[in-house]
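J.: Each chain, letter by letter, is given below.
2 protein chains.
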Amino acid sequence: MDNKFPSNASLWLSNGDQGLVQVLDQRVLPFETRIFEISTLEQACYAIREMVVRGAPLIGVTAAYGMYLAALNSDGPDREITMLQAEIALNATRPTAVNLFRMTGRMAAVYKQNKGKEDVVSDLLLEANRIRNEEIEACRLIGEYGLPLIREIGSRKKGQPVQILTHCNAGWLACVEWGTATAPIYLAHRMGIPIHVWVDETRPRNQGARLTAYELGLVGVPHTIIPDNAGGHLMQKGMVDMVITGSDRTTRNGDVANKIGTYLKAVAASDNGIPFYVALPSSTFDLDLVNGLDSIPVEERDASEVSFAEGWNGESISSVRIIPEKSPVANYGFDITPARLVTMLITEKGLCKPEEVSIVALINTKNE
Amino acid sequence: MDNKFPSNASLWLSNGDQGLVQVLDQRVLPFETRIFEISTLEQACYAIREMVVRGAPLIGVTAAYGMYLAALNSDGPDREITMLQAEIALNATRPTAVNLFRMTGRMAAVYKQNKGKEDVVSDLLLEANRIRNEEIEACRLIGEYGLPLIREIGSRKKGQPVQILTHCNAGWLACVEWGTATAPIYLAHRMGIPIHVWVDETRPRNQGARLTAYELGLVGVPHTIIPDNAGGHLMQKGMVDMVITGSDRTTRNGDVANKIGTYLKAVAASDNGIPFYVALPSSTFDLDLVNGLDSIPVEERDASEVSFAEGWNGESISSVRIIPEKSPVANYGFDITPARLVTMLITEKGLCKPEEVSIVALINTKNE
Numbered sequence: 001m002d003n004k005f006p007s008n009a010s011l012w013l014s015n016g017d018q019g020l021v022q023v024l025d026q027r028v029l030p031f032e033t034r035i036f037e038i039s040t041l042e043q044a045c046y047a048i049r050e051m052v053v054r055g056a057p058l059i060g061v062t063a064a065y066g067m068y069l070a071a072l073n074s075d076g077p078d079r080e081i082t083m084l085q086a087e088i089a090l091n092a093t094r095p096t097a098v099n100l101f102r103m104t105g106r107m108a109a110v111y112k113q114n115k116g117k118e119d120v121v122s123d124l125l126l127e128a129n130r131i132r133n134e135e136i137e138a139c140r141l142i143g144e145y146g147l148p149l150i151r152e153i154g155s156r157k158k159g160q161p162v163q164i165l166t167h168c169n170a171g172w173l174a175c176v177e178w179g180t181a182t183a184p185i186y187l188a189h190r191m192g193i194p195i196h197v198w199v200d201e202t203r204p205r206n207q208g209a210r211l212t213a214y215e216l217g218l219v220g221v222p223h224t225i226i227p228d229n230a231g232g233h234l235m236q237k238g239m240v241d242m243v244i245t246g247s248d249r250t251t252r253n254g255d256v257a258n259k260i261g262t263y264l265k266a267v268a269a270s271d272n273g274i275p276f277y278v279a280l281p282s283s284t285f286d287l288d289l290v291n292g293l294d295s296i297p298v299e300e301r302d303a304s305e306v307s308f309a310e311g312w313n314g315e316s317i318s319s320v321r322i323i324p325e326k327s328p329v330a331n332y333g334f335d336i337t338p339a340r341l342v343t344m345l346i347t348e349k350g351l352c353k354p355e356e357v358s359i360v361a362l363i364n365t366k367n368e
Numbered sequence: 369m370d371n372k373f374p375s376n377a378s379l380w381l382s383n384g385d386q387g388l389v390q391v392l393d394q395r396v397l398p399f400e401t402r403i404f405e406i407s408t409l410e411q412a413c414y415a416i417r418e419m420v421v422r423g424a425p426l427i428g429v430t431a432a433y434g435m436y437l438a439a440l441n442s443d444g445p446d447r448e449i450t451m452l453q454a455e456i457a458l459n460a461t462r463p464t465a466v467n468l469f470r471m472t473g474r475m476a477a478v479y480k481q482n483k484g485k486e487d488v489v490s491d492l493l494l495e496a497n498r499i500r501n502e503e504i505e506a507c508r509l510i511g512e513y514g515l516p517l518i519r520e521i522g523s524r525k526k527g528q529p530v531q532i533l534t535h536c537n538a539g540w541l542a543c544v545e546w547g548t549a550t551a552p553i554y555l556a557h558r559m560g561i562p563i564h565v566w567v568d569e570t571r572p573r574n575q576g577a578r579l580t581a582y583e584l585g586l587v588g589v590p591h592t593i594i595p596d597n598a599g600g601h602l603m604q605k606g607m608v609d610m611v612i613t614g615s616d617r618t619t620r621n622g623d624v625a626n627k628i629g630t631y632l633k634a635v636a637a638s639d640n641g642i643p644f645y646v647a648l649p650s651s652t653f654d655l656d657l658v659n660g661l662d663s664i665p666v667e668e669r670d671a672s673e674v675s676f677a678e679g680w681n682g683e684s685i686s687s688v689r690i691i692p693e694k695s696p697v698a699n700y701g702f703d704i705t706p707a708r709l710v711t712m713l714i715t716e717k718g719l720c721k722p723e724e725v726s727i728v729a730l731i732n733t734k735n736e
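Chains as they are written, first to last, in our numbering: chain U, 1 to 368; chain P, 369 to 736.
In case anyone wonders, no lab produced these hints; they're calculated from the structure. Misleading hints may appear alongside valid ones.
[Unchecked claim] Taking lysine-lysine and the DSSO-like style, the derived pairs with C-alpha atoms no more than 27 Å apart in a straight line are:
1) Lys694/P x Lys237/U
2) Lys237/U x Lys117/U
3) Lys353/U x Lys605/P
4) Lys353/U x Lys157/U
5) Lys158/U x Lys237/U
6) Lys525/P x Lys721/P
7) Lys721/P x Lys237/U
8) Lys605/P x Lys326/U
9) Lys605/P x Lys525/P
10) Lys605/P x Lys526/P
Can you build the whole structure from these sequences, using the hints too?
T.: Rendered as structure tokens:
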């Protein structure tokens with residue numbers, strides 16, 4: 001069994017065992033590097049439901065392999081009912097993840113088309129691999145299209161590092177490889193362009209401090225963790241050259257829903273004349289929505305994420321209460337950055353202005 | 369011994385014992401309500417140095433009583449040298465606190481003037497009480513001048529609560545009673561104006577979540593703790609009517625140095641047409657400084673404040689590490705909010721526009 005993880009991937013197939021998918025257990029990062037093994041449908045469901053894996057693209061890919069494993073572990077007349085049950089079970093793990101439904105649907109369609117064939121399981125493995133590779137390729141292309149933006153600033157900095165601020169985790173831990181916001185960063189780093197990343201802690205779940213910092217550290221990208229409060233000060237002092245974030249959902253006019261706090265960085269970037277980029281696969285556009293502030297519902301999450309801080313106590317992961325016992329808490333999951341504050345969208349189909357005409361044209365572009 | 373604290377004061381004299389000053393031990397708030405007793409110079413020094421007490425006004429008042437206690441506990445020829453040593457010892461506890469030097473200086477002057485008199489100790493107690501009462505009165509007046517701003521918004525809200533956002537702790541825990549940013553809030557609450565306060569957590573030291581929430585909770589002011597990331601979203605959604613913060617230092621043209629993250633709220637308030645008020649005693653103005661961004665040095669604090677979260681583990685106060693072990697951290701203590709983003713300054717001498725002419729005129733106003 002090969003359980004050495006490849007340092008820049010959140011999910012990989014075990015060498016030599018087509019029935020074993022391995023993922024990084026993101027619940028214990030960055031305090032422990034623990035591999036979680038998925039060789040059954042049930043383990044795939046558990047991994048998604050318990051947030052061993054997280055991030056829409058990674059959830060979709062994990063679910064695709066879950067469908068494949070369900071087929072692999074069943075045969076004969078049982079397989080038909082198993083596959084139906086597998087789709088239902090996987091879709092129930094994180095009911096709001098649109099990407100999840102799309103990927104289990106693709107796998108179910110491949111099963112239906114090929115169920116009469118002897119090598120239907122191989123077909124399902126091929127489709128799961130295809131889904132994974134599509135996600136990786138979309139991220140890689142986001143990197144390619146974003147790279148010139150970093151290079152251009154670098155060319156003006158005479159060897160000084162390009163200072164990039166990012167919020168939350170839009171890295172390969174949320175995808176499979178490369179990530180979205182991080183793809184241009186990793187590519188620039190590989191190309192030898194000097195960069196330094198300011199990593200917003202990203203309260204309340206601390207995805208920046210825990211996951212983005214971990215990712216960047218693994219491959220040696222220079223970075224510094226800052227409280228979410230600090231970004232404005234750094235911008236005022238000329239210590240930020242550009243901001244790159246991801247997006248959970250972007251409207252047809254370019255309003256960007258992303259992790260709570262993104263808007264504060266966008267408005268400060270605008271106040272300081274700093275470009276604010278959003279990196280996203282084009283599947284993140286929701287052309288049915290126009291005005292983001294009015295149309296995108298903002299999830300309210302559990303108060304305990306604000307009331308407690310989770311960390312390493314020297315021996316294990318534990319939580320401490322950080323507020324008075326009786327004080328109420330509000331915990332909004334994301335906010336909307338109006339298109340007027342976004343300099344450019346970076347997608348796998350190219351750069352795109354945050355305005356309706358450009359976004360619709362981009363969506364209608366055929367993939368190369 | 370009376371050690372029941374009066375619910376809205378950070379420091380008080382024990383009833384019936386002129387040699388005993390009591391303070392709330394702010395190191396353990398809000399998890400424990402512990403009274404710390406000061407009856408010697410050494411205890412006063414300890415309380416300031418170890419941050420049992422914090423906030424410039426409260427530090428100054430504690431130091432004044434420290435000078436008084438030094439005199440009370442010495443006599444004859446020893447007292448002269450004791451008083452000299454007391455001033456040196458107190459000034460060394462928190463070397464950057466200007467207010468501290470000013471108050472020990474006032475006490476030393478009273479001692480020098482009256483040291484030949486038999487009741488010099490009484491004179492020192494009177495001066496310490498005067499210093500304390502001046503601080504309380506300044507805060508109360510800030511409340512009086514700020515109240516109409518809340519009342520005016522309240523009159524338009526038809527019984528709905530006035531939604532006030534505040535950052536960090538500028539309450540009576542930093543002062544003696546009332547606080548600065550909180551003074552108009554407490555006064556409005558007493559007057560029966562419906563209000564609700566959004567309390568910014570205020571990473572990395574969490575003074576909002578720990579101290580401001582504790583203060584407001586004690587006297588029943590409706591409030592909700594939010595991550596620092598959330599304020600912009602609330603403003604966009606029309607859920608904030610006004611922002612009030614304190615200030616560590618304000619320049620002659622109205623640039624405001626305050627806790628890191630204040631600028632992000634100011635720029636978002638401006639983007640949403642929400643008034644942004646700064647409450648400060650006029651002693652906080654530094655007329656020697658013009659441009660805040662260029663002239664006010666921003667303290668860099670210890671990385672451990674960002675790397676660790678302190679809270680209650682169910683049995684005691686403990687810390688957990690919340691970032692990867694090897695990731696670097698930056699920890700800037702405050703930021704500068706440019707005068708253009710400040711709607712009005714609220715001082716004990718009245719409201720004041722954040723511009724040089726108004727500030728200089730205000731400073732030259734005699735106290736009533």
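J.: Taking the hints in turn, state whether each one holds.
T.: These are the hints, each one checked on the structure:
1. Lys694/P x Lys237/U: Measuring from Cα to Cα gives roughly 26 Å; hence the hint holds.
2. Lys237/U x Lys117/U: 64 Å, violated
3. Lys353/U x Lys605/P: 25 Å, holds
4. Lys353/U x Lys157/U: 25 Å, holds
5. Lys158/U x Lys237/U: 19 Å, holds
6. Lys525/P x Lys721/P: Holds: Lys525/P and Lys721/P sit about 25 Å apart, inside 27 Å.
7. Lys721/P x Lys237/U: Since the Cα atoms of Lys721/P and Lys237/U sit roughly 25 Å apart, the hinted pair holds (cutoff 27 Å).
8. Lys605/P x Lys326/U: 26 Å, holds
9. Lys605/P x Lys525/P: Holds. Lys605/P to Lys525/P sits at ~16 Å (cutoff 27 Å).
10. Lys605/P x Lys526/P: With Cα atoms ~19 Å apart, Lys605/P and Lys526/P stay inside 27 Å; holds.
The structure shown violates just one earlier hint, number 2.
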